[in-house]
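Between the sequences and the hints, there should be enough to build the whole structure, so can you do that?
If you want the building blocks of each chain, they are given just below.
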Amino acid sequence: MILTMDNVSKKYRKKWAVQSFSLELTSGGVYGLLGPNGAGKTTLLRMLVDISKPTSGQILLDGQSIEQMGDRYRSILGYMPQRFGFYNRFTAHKFLMYMSSLKGLNVKQAVVRVQETLRMVGLDKQAEHKIRTFSGGMKQRLGIAQALLNDPHILILDEPTTGLDPKERIRFRNIIGELGRNRIVLLSTHIISDLEFSCKEMILMNEGQVLVRNTPTEIIKSLDGNVWKAKLTEPQLAELTSHFKVSGLSYQYDGIVARVLSKEQPVPQAVPEPPRLEDVYMHYFDEEATV
Amino acid sequence: MIRLTQFEFYKIMMRKSIFIAIAVLLVFFVLYVFLKHPGLMDGTNYYKSYEGPITTEKVKIAHDQFDKLKYSAENEHKYGVLYDIAVFSPEEIKNTTSYDDRGNIKERTVNVSGIYYNKPWGYLLEYIDQFGVVFMIIMILLGLAPVFAEEYAMGTAALLRSSKRGKGQLVSAKLMASMLYIVVCVVLFTGVNLLVYWLRFGNLAGAHTSIQSVGMYFYSFDYVFSPYKFTAIQYYMVQLVTHLIGTLIFGFIVLMVSALSSTSFVAMVVNVAIVGVPYLAFDVLNLNPGSMMWIKKFSFSTVVRVTKLFQTPTTYSIFGLELSYLSLYTIVMLLITVGAVFATYRIFRSREVFG
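From first to last, the protein sequence lines are chains B and F. According to our numbering, numbering within the first sequence proceeds without interruption in unit steps and concludes at 949. According to our numbering, numbering within the second sequence proceeds without interruption in unit steps and concludes at 377.
Calculated directly from the structure, the hints in this document are not laboratory data. Everything hinted at is true.
Facing chain B, from chain F, some residues (calculated, C-beta under 10 Å):
| no. | residue |
| --- | --- |
| 1 | R25 |
| 2 | L26 |
| 3 | E173 |
| 4 | T178 |
| 5 | A179 |
| 6 | L182 |
Lysine to aspartate or glutamate pairs mimicking EDC-like chemistry, simulated, CA-CA at most 20 Å apart:
| no. | chain 1 | residue 1 | chain 2 | residue 2 |
| --- | --- | --- | --- | --- |
| 7 | B | K669 | F | E374 |
| 8 | B | K879 | B | E931 |
| 9 | B | K797 | F | E172 |
| 10 | B | K711 | F | E374 |
| 11 | B | K887 | B | E931 |
| 12 | B | K673 | F | E374 |
| 13 | F | K33 | B | E786 |
| 14 | B | K752 | F | E172 |
Quick list of the computed label-pair ranges, beta carbon to beta carbon:
| no. | chain 1 | residue 1 | chain 2 | residue 2 | range |
| --- | --- | --- | --- | --- | --- |
| 15 | F | L307 | B | D823 | 56 to 62 Å |
| 16 | F | M35 | B | W674 | 40 to 46 Å |
| 17 | B | L907 | F | R368 | 52 to 58 Å |
| 18 | B | R747 | F | T119 | 55 to 61 Å |
Given the structure is predicted, the values throughout are model-derived calculations rather than measurements. All residues carry an ideal CB built from backbone N, CA and C; glycine is no exception.
Here you go:
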């Protein structure tokens with residue numbers, strides 16, 4: 659299965675949210691879409707799930723336009739939007755049964771899948787609880803569950819880990835890693851630790867365009883020799899930040915340890931450091947990464 | 023599809039505002055009936071001796087007694103009989119001239135020359151014209167204005183529309199659930215109306231008398247000039263079906279506006295303007311419509327109220343074709359309904375979802 663974005667652009671009034679975006683995604687791996695807020699990630703995903711039309715270009719699944727495929731395409735799709743509401747009067751079980759019927763599952767299939775997905779996200783004991791009693795993290799997990807109901811071939815998740823605690827995040831990464839083995843999973847996030855372990859390829863995006871596309875290892879490797887660590891005083895740090903990008907700070911009793919991006923040694927006491935994903939984030943987006 | 027409709031119906035019915043509105047409206051209606059008519063409503067015995075064709079003798083007796091009789095709560099039934107005889111007496115008919123909206127003299131195409139006891143039907147038929155329209159407008163606005171708009175406001179529209187059935191069948195399910203909701207409301211309110219008046223009168227006498235003779239005590243002979251030959255019970259059914267169709271038409275408009283609106287509040291305000299302003303201006307405040315007469319004639323409240331559609335024998339000439347007001351109204355509403363339903367599908371399918 660190949661999902662192709664062919665020169666896709668989207669314009670809202672006078673602003674291009676996505677511009678000439680081309681990409682090919684194949685089954686068998688998680689793709690991480692990384693970019694700062696406003697990079698155009700959500701717009702791109704909305705076009706991919708057929709709720710927004712590209713201004714130009716086309717999206718194809720195995721060579722067929724997804725717009726023409728219509729409900730055939732949406733029947734193999736799982737989507738979790740970035741921000742979405744719930745029907746608070748519904749229980750988790752009822753909500754998923756409703757979503758199942760929207761996804762075209764018959765009652766028999768729905769009953770089985772609802773049980774499975776609730777168990778998968780750890781909400782099986784709260785199945786009959788009203789959604790209004792759920793915490794933010796529980797609602798997020800319910801959102802993930804609904805995306806998985808129809809056992810989708812293409813899974814598109816927009817900032818799925820927002821609001822999850824560390825334990826829930828680990829559980830989520832494991833689920834995604836497992837799911838990504840035989841389907842297309844596109845995971846949009848600005849939290850780099852979501853991608854660090856589970857991602858086959860990363861797509862770095864800003865201002866509606868692809869900046870880099872490669873495996874996390876290769877992307878990290880591209881910064882070899884460009885990351886330094888140095889212990890600094892407050893005035894030294896102030897001086898340093900005016901000339902270099904600083905991707906991380908650690909405050910210690912005898913000074914501040916800074917990770918600095920530079921092609922050359924930024925200060926005499928700086929020592930080379932192996933690059934990490936947060937350095938990549940700083941390098942491309944010029945802002946500190948959310949880990 | 024049935025399951026999806028059930029879920030959509032559940033989503034409409036589970037709103038607290040619906041239950042509160044139903045309770046408040048029903049309590050208000052029952053209190054109104056009991057407080058406005060605290061005494062016995064049944065007047066069968068008073069009418070018995072006068073029933074049948076109106077004779078000169080009956081008219082004379084009625085006039086004599088009517089002049090002497092002073093109205094009071096105790097003698098209201100007798101007063102009512104005499105009033106009815108006076109209204110339907112040949113002398114009164116000859117001396118009274120009524121005009122329609124165009125200033126033409128209204129003709130009685132179906133004449134009533136008898137006196138019959140059918141007061142329960144007068145009250146039953148009045149409900150839809152007065153309370154029925156208000157109750158149903160309130161219920162439709164509360165129940166249906168959020169149907170699509172709430173999905174945008176809550177941010178669920180993206181989830182729904184990205185699903186297999188989220189663009190076509192979901193809209194059908196929402197439309198069907200909305201229709202079901204309207205049917206339930208109409209049946210509930212008219213059912214309570216029927217039950218309350220049945221209990222208050224103790225009978226539903228006069229079911230087979232002509233609608234031209236149906237009126238309440240002392241006033242509201244709405245169908246004296248009606249060109250239609252219905253008995254009270256036949257017209258009650260016609261009125262109920264027309265009312266139901268009218269509420270469905272209004273419901274479709276509300277749904278279309280809901281699909282266009284970003285919040286339930288906006289949907290409600292726009293819909294109130296569409297139906298409420300003409301209703302308030304022309305039906306409640308009775309303002310002179312002037313050049314806005316077409317709005318008055320073809321407003322949505324007209325079909326929900328029903329009465330005006332069956333009141334007068336007005337005809338319109340459209341491209342040389344003579345059409346009764348009822349026929350023309352039906353055509354206009356049919357076109358509006360088809361347009362509204364088509365637009366609703368199109369809007370929800372193609373609207374950019376930002377939520």
